[in-house]
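Knowing the structure of chain A, use the given hints to seat chain B on it.
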Amino acid sequence: MTARRSWRERLEFIDRRWLFLILAFAIVLPLVVDLPLPLYVSPMVQDLYDAIEDLPDGSTVLISADYDPSGKPELEPFHLALIHQLAEKKIKMVMYSLWPAATPITEAVLAEAGLTTDYGYRKDVDYVLLGYKEGQQIAMRSIQKSLKGTFPVNRDGTPSNEIPLLQHYDTYTDFAMLINVSAGSPGVKEYVQNVQSITGVPMVAACTAVSGPDYVPYYKAGQLLGLAAGMKGAAEYEKLVGRPGLAMAGMSAQSASHMLLIAFIVFGNVMYFLARRSGGAR
Amino acid sequence: MDALQLWISTALTLCILSFLWKDNPLYKLAEHLFVGISAGYYIALAWQETIRPNLVEEVARGNWIRLGAAILGVLMFTRFVPKISWLSRWPLAFVVGMYAGINVIAFASGDLILQLQSTMVDVVHGGWTAVSNLILVIGLATSLIYFYFSKEQKGALGVVSRIGIFFLMISFGASFGYTVMSRMSLAIGRTRELMVSPATTGILLLAVAVFLFVWGRRQRSTGEGA
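Residue numbers (this note's numbering), protein chains in the order written: chain A, 1 to 282; chain B, 1 to 226.
In isolation and in its complexed conformation, chain A is listed as follows (with noise of 0.2 Å):
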């Protein structure tokens, strides 16, 4: 017959199944109940907003959407409410993608937010959709030279050369900014070592919070005028806009897992505390 466990014995030996599902209801509970939680604004993105509304009014701006179907839940809601604050500023977009499967989100996007039902926009003289390009750094440095020559047609097969709002853009400087949206690699840092540190133009980014603070320096030292990094750089930025959305809704769920993390990291280290101390610590 097996010595009876004390009850620090069973925490200490806890099926992980449990710590499974008691997060899925941390997640799932502020999800169905609206758990209205404050969300303060950062300075980097605070900057990001203001870069962005400090543009003239019709000027034209070059968005780089690198990210794929893992990275929609940190930055789609960016891309949709940036979508927004470009739209309402009547700022015309050049729009491309390093990462394959990015095209069709960002189709979606701007099926989203109404660019040509709601705002008016017209397809090749306010924007322009270039689709995918292989290469990663070689791409950006193509595009330096040409960006026409590096997309000679658009994601419908139109000619660079016959599209309207192409005709005095062909470089990153002829653009009065330059917006990375990256989950990864060919992404900002990619784009502040192989354009913005060389050419000088001006770029905000948005970027999943795993690669944030590696790009913290970069805003730091100016490369970037502002960065969202993850859901909670997003929720911020759809705050400023005015566009509660995606992000917004699912930070109650997020500030409920983070708390219940944090209490599993201090449950854990005070379990291995007791079992050091009474000669069981492993």
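Accuracy of the hints is not assured; some may be wrong.
[To be verified] No more than 25 Å apart at the CA atoms, straight line, and that leaves these computed lysine to any residue pairs for SDA-like:
#	chain 1	residue 1	chain 2	residue 2
1	A	Lys148	B	Gly62
2	B	Lys22	B	Ile43
3	A	Lys148	A	Asn161
4	A	Lys220	B	Phe176
No lab work stands behind these hints: they were computed from the structure.
Below, chain B alone, put in the same frame as chain A:
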């Protein structure tokens, strides 16, 4: 069609999440589907977005120099033929040399010089900003000293190096925090998708649970899961 997509995506999500319970055939099915479809998708993409526009159409226009790149690409496959596998080093040398050249310039201009410049800050004037700047400079210097291995880290060097470890630990903690935030965002994204149609999710969740129960019992009775 939307309904069908919803059912498929919900079912596959639940199959993947079933791994949290334990490794099982439903998880394996979803995993294999993902690997197979991804491979097919990227092969089609490589043809559609890379080979056709950059090689086939360019050669058709008379840009024969692209055939050189194609030949280099084909040489990569000589790795499968031991007698001529050495030929695969040529395209590799081309790729390594080109990317090394590009990245050296990019790193020097984007990271090294500008990042060094941004650490040359005023640590005397400016109140709290000066304090923040001072912490930045101390953190940078001590972290760099931690990676100085030409002298044994004892005495004063050891103390400074230990301070560097504290800064590194704080940076690792911040990175871990951001990583957790990223993973939670993914979980929230999938949960939201599952909540689009609670009825669909409920039915499929029940089906997955029944399958796991029956499969688990069978495993136990045959002793396979032991």
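**OP:** Compare the distance between the alpha carbons of Lys148(A) and Asn161(A) with 25 Å, and conclude whether the hinted pair is satisfied.
**Re:** 7 Å, holds
Subject >> Lys220(A) paired with Phe176(B) [C-alpha distance capped at 25 Å] >> reply: Holds, at about 20 Å.
Subject >> Pairwise hint evaluation, Gly62(B) against Lys148(A), where the allowed Cα distance is 25 Å at most >> reply: 20 Å, holds
**OP:** Mind checking the alpha carbons of Lys22(B) and Ile43(B) for me, to see if they're no more than 25 Å apart?
**Re:** Given that 25 Å is the threshold and the Cα spacing comes to 32 Å, the pair is violated.
The earlier numbered hint that this structure contradicts is number 2, and it is the only one.
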